[in-house]
Amino acid sequence: MKRYSAFALVREALNDHKGWTRAWKDAQPKDRYDVIIVGAGGHGLATAYYLGKRFGITNVAVLDKGWLGGGNTGRNTTIIRSNYLQDPSAAIYEKSRALYEGLSQDLNYNLMFSPRGVLMLAQTQHEVRGYQRTAHANRLQGVETEFVGPEKVKQLVPIIELNGPRYPVLGGLWQARGGTARHDAVAWGYARACSDMGMDIIQNCEVTAVRSDGGQVTGVETTRGAISCEKLGIVVAGHSGVLAEKAGFRLPVESVALQALVSEPIKPCMDIVVMANTVHGYMSQSDKGEMVIGGGADGFNNYTQRGSFQHIEETVRALIETFPMISRLKMLRQWGGIVDMTGDRSPILSKTPLGNCFINCGWGTGGFKAIPGSGWGFAELMAKGLAPLCEAFSLDRFPEGRFIDESVAAGVAH
Amino acid sequence: MLTFRCPVCGVDAEETELSPGGEAHLKRYGPGSSDEDFSGYLFQRENPRGVHFERWRHAYGCGKWFHAARCTQTLEVFGTYPAQTTEPPQEILDTITKKRPGWTWRELGAK
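Same order as they appear, the protein sequences are chains R and X.
Note that my numbering gives residue 57 to position 57 of the first sequence, counting from 1, and the numbers run on in steps of one.
Note that my numbering gives residue 49 to position 49 of the second sequence, counting from 1, and the numbers run on in steps of one.
Next comes chain R alone, as it looks inside the complex (with noise of 0.2 Å):
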C-alpha cells in the first residue's frame, strides 16, 4: 500500500496520477479462513480491522452481498457523540468518539473528522430534566458533556428560533467533542487498511447458509462457493434477523425503515450538529454545504430502503418551526435504510447459541457513530470470547431482564 501524504500528492501531480494504487485489492475467495466476518459496511471492516491491529488475526474475509459500505454505512447522517445515559452505552460510544480523533491518522486515510459539536434541543420541561440528569451522568462516566441555557444555544446556532410557536428551546444538552465524519470514507479506509493487512475483502458475496457441525459453526454457502471458517462474525444491520434465521436462532429485533434528506446547498449557516427531539428531526451543514436532516422511523417491519412520506413531511416541519430561515430550502434527495431495532433500543454484541458465531447488530438508528468502538469491543470479543466493552449487550439480557434502556433516555432520535 502506498502512504497518502502531502508528498505523494505532489509527486503524483508531477507524475500526471499514474503512480496511485487501487485501495484495497479486488479478492477471489480462498477455501479456508480463520475468521469470516459477513457484511462489509463500517462494523464488519472496523472488526476486521482491530482483529488484525490488536490480536494479529489477518486471515479474515470480509463478505459482502452488495459492494461495501453500500448499506447503512453510506445512508446515515454522519453524526458522532457519545452523551448516552446509561453506563454501558457511554462507554462504548465515547470509545468510539476518542478512537475517531485519531482514526484519519491510524489509517492513513482522510475521514474528515470535524468535532463542531452537538447541540440537542431541550424544549420541554421533562427533557430539561432528562438532559440535566444525563449531563451529571456523564460527568460520572467521565464523558464532556454540560446542559447550557437557552442564550447560549442562540450563540451557538444563530439561525434558529427559540420561541417557536409549540416548543420553546429552553437549553440543550451540549457535546463540544461531539461532530461529523465522512460516512464512506470511513469505510473505504477500514478497506484499505485490511487489505493491507493480507485480509479478502469479497463483494458481491452473498450468504445463502451457515454450515455447523455438532453445534460449532464451520463455515458459509456462498453465491461464489462454500467458504469454511473456524470463527464466523455476522455484521448485517437490518438483515441480522435473515442471517440469523440461516444460522439457526432467533433475534430479539425488528428491522424498520429510517429516512434522511439533503438539501441544495447554501452558504455556511450553521457550523454545529442540532438535534431536536421533541419535534423529531435533526440536521447539519454539510462541507458541500447541503443541509443534512434526518427524523423518525417508521412504526412497522420494512425492507425496502425506502421510508414512508409523511416522515419526511413530520421531519421537516418540525425544522422549519425551530429554523425559520430555511423553509424555501429545496430537497435535493432522500433515501432510506433498513435499521435493526432491539427492544432497548441498545445494541447486541454476543455470542449465540451457534459455538463460535457472534453477533453485532441491533445499533438500530444510531450505528455509524459507534463503528470504531463496535469494532474495537466485537473484535476482541471474537478473538477471546470476552470483551468488557460488549459484555453488557449479550443477548443474555433479554432473558435475565438486564436491560440497557436507552429509548427512554434518549428520547427518540438516536
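There may be inaccurate statements among the hints.
Counterexamples of contact, computed for chain X against chain R with all Cβ distances above 10 Å [stated by the list, open to error]:
| hint | residue |
| --- | --- |
| 1 | 44 |
| 2 | 45 |
| 3 | 86 |
25 Å max Cα-Cα, derived DSS-like pairs, lysine-lysine [claimed, not checked]:
| hint | chain 1 | residue 1 | chain 2 | residue 2 |
| --- | --- | --- | --- | --- |
| 4 | R | 246 | X | 64 |
| 5 | R | 246 | X | 99 |
| 6 | R | 154 | R | 288 |
| 7 | R | 267 | R | 330 |
Sample of chain R residues with no beta-carbon within 12 Å of chain X, all distances over it, derived [to be verified]:
| hint | residue |
| --- | --- |
| 8 | 67 |
| 9 | 124 |
| 10 | 203 |
| 11 | 219 |
| 12 | 302 |
| 13 | 304 |
| 14 | 340 |
For the record, the hints were derived by calculation from the structure and aren't laboratory data.
Note that the Cβ used here is the ideal one computed from N, Cα and C, for glycine as well.
Fit chain X to the known structure of chain R by using the hints.
Here is chain X on its own, set in the frame of chain R:
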C-alpha cells in the same frame, strides 16, 4: 404508501390513519410456561424479509384492531382479516401462495 382495507368498517385506510401493532398471532405464554417460551414471547419477534402477518389498528378511523398479511420486501398487501382469530383464513393463505410460491412464516407456508 401502505393502504389497508379495514375489515371492521370497510374503509380503505392509508398508513397515516393506522397504527402498527407488531407481529400477529402471538402465543402469550404466562405463569407455568418454560423460561424459554416466556422470554421468546416477550422479546423474540419474526422479522422476515417477505411474507409477514401483523396487527394494525384503525386508530384515526373506527379505532378497531385487525390483522393484515403483507410483504415486507415490496409493501404489497395480501389481505386483511378480523382480529378475532388465532390464525389467518385459508383464503388469504391461498392468495399468498399464488403470489409467493414457497413462502413460509413460522409453521405456516405454501403446502
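query = Does the structure keep residue 246 of chain R and residue 99 of chain X at a Cα separation of 25 Å or less?
reply = holds (23 Å)
Minimum Cβ-Cβ distance from residue 86 of chain X to chain R exceeds 10 Å = holds (21 Å)
Restraint status (C-alpha distance of residue 154 of chain R to residue 288 of chain R at most 25 Å) = Answer holds: residue 154 of chain R to residue 288 of chain R is near 24 Å, not above 25 Å.
ask   = Would residue 304 of chain R pass as off the interface with chain X, using Cβ distances and a cut of 12 Å?
value = It is violated; residue 304 of chain R is separated from chain X by about 6 Å at its closest Cβ, not greater than 12 Å.
query = Is the Cβ of residue 203 of chain R more than 12 Å away from each Cβ in chain X?
reply = Residue 203 of chain R is indeed farther than 12 Å from all Cβ atoms of chain X, at 20 Å.
task = Compute the least Cβ-Cβ separation between residue 340 of chain R and chain X, then decide whether it is above 12 Å.
result = Residue 340 of chain R is in fact no farther than 12 Å from some Cβ atom of chain X, at 8 Å.
task = Take a quick look at whether residue 246 of chain R and residue 64 of chain X sit within 25 Å of each other, Cα to Cα.
result = It is violated: about 36 Å lies between the C-alpha atoms, which goes past 25 Å.
ask   = Minimum Cβ separation between residue 302 of chain R and chain X greater than 12 Å?
value = At roughly 6 Å from the nearest Cβ of chain X, residue 302 of chain R sits no farther out than 12 Å, so the non-interface label is violated.
ask   = Does the no-contact call for residue 124 of chain R survive, Cβ to all of chain X over 12 Å?
value = holds (23 Å)
ask   = Holds or violated: residue 267 of chain R with residue 330 of chain R, Cα cutoff 25 Å?
value = Satisfied, since the Cα-Cα distance of roughly 14 Å is no more than 25 Å.
ask   = Holds or violated: is the Cβ of residue 45 of chain X farther than 10 Å from all Cβ atoms of chain R?
value = violated (5 Å)
Distal placement of residue 219 of chain R relative to chain X, Cβ over 12 Å = holds (23 Å)
Of the numbered hints listed earlier, those contradicted by the structure are 1, 2, 4, 12, 13 and 14.
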